[in-house]
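Student: Listed here are the chains, written in short residue letters.
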Amino acid sequence: MLGKLIGYEMKAYSRIMVPIFIAVAALSVIIGLGLRFIPEWVGGNVLFALTLILYIGLLVAIAVMTTILGINRYYGNLLGREGYFMFSLPVKTSTMMLAKTIGALIWTVLGAIVGGASIALISVIGFNTKDYAEIINAFKMLLTEIKPYTGYFILWVIVIIMAVIQLIVQVYAAVSIGSQWSGHRLIGSILVYIGFEIIEAIIATIIRAIHPLANWIERVMTGTSWGTTPNYGAPILILVLILVEIVIFWVIAWYFTDRKLNLE
Amino acid sequence: MAAIVCNNLTKRYGKTTALQNVNLSLEPGRIIGLAGPNGSGKTTLIKLIQRMLVPTQGQIMINGSEPSPETKAHIAYLPDRDFLPDWMKVCALMDLYGKYYGDFDRASAEQMLANLAIDTTQTFKKLSKGTREKVQLILTMSRKAEVYLLDEPIAGVDPAARDYIIRTIISNYNPEALVLISTHLIADIEAVLDEVIFLKQGQIVLHENTDDLRTRVNMSVDEYFREVFKC
Amino acid sequence: MKWDFKNGIPIYLQIISILKMQIAGGGLPPGSQIQPVRDLAMEAGVNPNTMQRALTQLEQEGLLYTQRTSGRFVTEDEEVLREMRKSLSEQYVRELFESLSKIGMDKNEIIEAVRSYQEEPAVKKEG
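Chains A, B and C, in that order, are what the protein sequence lines are.
For what it's worth, the working numbering labels the leading residue of the first sequence as 1, then goes sequentially.
For what it's worth, the working numbering labels the leading residue of the second sequence as 1, then goes sequentially.
For what it's worth, the working numbering labels the leading residue of the third sequence as 1, then goes sequentially.
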């Protein structure tokens, strides 16, 4: 069932996101070709400026639409009218939540990849082969530099992915509480989200006030590196904190979605 | 074995009591009307059966087990509003039903849609309100479920649509299934009901075989309903 | 077939009298086949259980019979059909007398009214 539900998420996102992705790819090609074959393209060409603005606008659209869809796949699809369909499926609430989370994560990552790939595409098409070889060289050198730190690097990637999941689950917790307030669901959700941020800030302040704890955290975060061994303490501590938040927000979201469901 | 049993079922929202101490036992093979004015607790009862709400007190059993994903696999539910992802085409909605419900009879759904000349390549959102309601009914009734929960299927429809809905319910009727139809317009459907339940302010005031009721009170179920719920 | 249901009378009883009228009036001639329960129920807009109950009772009265493989038929037994017509006619005459005595007519007046109706039926039918 989880696989089917994720498939459904893919379909729901793709009908909006794929056209944007295609448009980004097309513009990247146009910009790249322009850079390569039109000498005066960069220097004060109005058309170039417009294309560039459109391109940046589309990159922003990827970020904005991924966020909006990510919220709406929970707020609208699960807690709105379509919730009557979703909650009639022979599936556990937690499975639906997991499918939504994975869907949102996949499309966030896809958005980042498309953004990065489009810049790569512009470079590949836009610069002539000599520049191209230089870029590859630089990239190779970068890889050799990083090589001893591969584990460390991967750890940070995991931290970033978990941070995205934490954000997603925090939104789910906010909208599932906000939707309890019939007639003011959206404003309720926003207020709850702000409330979460305030609570987090308060907890951070309290921790900073407890000196032994604050000092310990300080030491872990700035911990010294030995030769090629980087400081693993910082990402591990951040990861643990993020995981704790994920668990807390997940339990909140599950409780208000499963036990206190208040459909439109 | 009863298809649905409610024991001392109570549901409160904060201080408001939506259902108060409901005891019910509904047998399979029957078409049962759940009648009451708006706000009498009909939708609450249906949502509790479908586990969209959790009881404050008491218990519900569906074919012997409490509401769960497993019981939902055998309940076909038609809510009282548009509830399908409306950006999908009708054929994609059939795919969706086929994927999630093992008891969905796609051939039967396609036949019924063809009978109404509904274009299945059309996006659900673009259909007229009446057609959307029919598509939802067809998808629901095309499941070979053990329990059908139809929430106000005839509210606000014209007489022709009402007849179509009633005929669709009868023609897909399965002698082993329970059909529970909620309504505040009993006259339109009383001829198809085996039993009727009157729900008043969250409490059951009557649960009787309709023919027995007609003989006992010497009125139609509708006339009796109007008398019981007189303002 | 026309299916109109009155209030306050169990629907299966009303179905029985509608079907009896059909049989008596030739709408369902002796030996003719009856539609399947579900189709009849759909046509009448009633619950299939109710239709089944009515048909079962008609079977018990001998007006219908079931052939295991091919379905349900109207009896060809003249005796049974005559019985049914007789009981229907008795019922209508009783209803006629009951209604007319309610408006104050006595037995002789009613018979007189029937006789005069029979003498000029065309005019009355128009009314």
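Hints are supplied without guarantee of correctness; some may be wrong.
Covered, in the sense of this in silico footprint (three residues per stretch, anywhere, with C-beta under 8 Å from a C-beta of chain B), are these stretches of chain A [to be verified]: (1) 65–73; (2) 89–103.
Using 16 Å as the maximum straight-line C-alpha spacing, the simulated EDC-like pairs for lysine to aspartate or glutamate come out as follows [as the list claims (entries may be wrong)]: (3) C:2 with C:61; (4) C:6 with B:95; (5) A:11 with B:95; (6) A:92 with B:70.
If you only want the chain B side, here are some residues facing chain A, beta carbon under 10 Å, derived [unchecked claim]: (7) 1; (8) 5; (9) 51; (10) 76; (11) 79; (12) 83; (13) 86; (14) 91; (15) 99; (16) 102; (17) 137; (18) 154; (19) 157; (20) 175; (21) 177.
FYI, nobody ran anything at the bench for these hints, they're computed from the structure.
Quick caveat, the model's predicted, so the values are computed rather than measured.
Positions of the beta carbon are idealized from the N, C-alpha and C atoms, including for glycine.
Student: Would you mind marking each hint as holding or not holding in the structure?
Tutor: Here is what the structure says about each hint:
1. Against chain B, the stretch 65–73 of chain A contributes 0 residues with a C-beta closer than 8 Å to a partner C-beta. That does not satisfy the three-residue criterion, and the hint is violated.
2. Counting residues of the stretch 89–103 of chain A whose C-beta sits closer than 8 Å to any C-beta of chain B gives 4, which meets the bar of three, so the coverage hint holds.
3. For the given pair, residue 2 of chain C sits about 23 Å from residue 61 of chain C by alpha-carbon distance, which is inconsistent with the 16 Å threshold.
4. With a CA separation close to 44 Å, the supplied pair residue 6 of chain C and residue 95 of chain B exceeds the 16 Å bound.
5. With a CA separation close to 13 Å, the supplied pair residue 11 of chain A and residue 95 of chain B stays within the 16 Å bound.
6. A distance of roughly 9 Å separates the Cα atoms of residue 92 of chain A and residue 70 of chain B; the hinted pair therefore holds under the 16 Å criterion.
7. A hinted interface residue such as residue 1 of chain B counts as satisfied when its beta carbon comes closer than 10 Å to some beta carbon of chain A; here the least separation is about 21 Å, so the hint is violated.
8. Interface hint at residue 5 of chain B: violated, since its Cβ lies 20 Å from the closest Cβ of chain A, which is beyond the 10 Å cut-off.
9. The criterion of a C-beta within 10 Å of any C-beta in chain A is met by residue 51 of chain B, whose closest approach is roughly 8 Å, and the hint holds.
10. The closest approach between the C-beta of residue 76 of chain B and any C-beta of chain A is roughly 8 Å, which is under the 10 Å cut-off, so the hint is satisfied.
11. The restraint placing residue 79 of chain B at the interface with chain A holds, with a minimum CB-CB distance near 4 Å, inside the 10 Å limit.
12. The restraint placing residue 83 of chain B at the interface with chain A holds, with a minimum CB-CB distance near 4 Å, inside the 10 Å limit.
13. Interface hint at residue 86 of chain B: satisfied, since its Cβ lies 8 Å from the closest Cβ of chain A, which is below the 10 Å cut-off.
14. Residue-level restraint check for residue 91 of chain B is violated (minimum Cβ-Cβ distance to chain A is 14 Å; threshold 10 Å).
15. With a least beta-carbon distance of about 5 Å to chain A, the hint placing residue 99 of chain B at the interface is held under the 10 Å criterion.
16. Interface hint at residue 102 of chain B: satisfied, since its Cβ lies 9 Å from the closest Cβ of chain A, which is below the 10 Å cut-off.
17. Evaluation of the residue 137 of chain B hint against chain A yields a violated restraint, the C-beta minimum of about 14 Å exceeding 10 Å.
18. Because the beta carbon of residue 154 of chain B sits about 18 Å from the nearest beta carbon in chain A, more than 10 Å, this interface hint is broken.
19. Among the interface hints, the one on residue 157 of chain B is violated; its C-beta lies about 19 Å from the nearest C-beta in chain A, farther than the 10 Å criterion.
20. Hint status for residue 175 of chain B: violated, given a least beta-carbon distance of 24 Å to chain A, over 10 Å.
21. About 16 Å separates the beta-carbon of residue 177 of chain B from the nearest beta-carbon of chain A, more than 10 Å, and the hint is not met.
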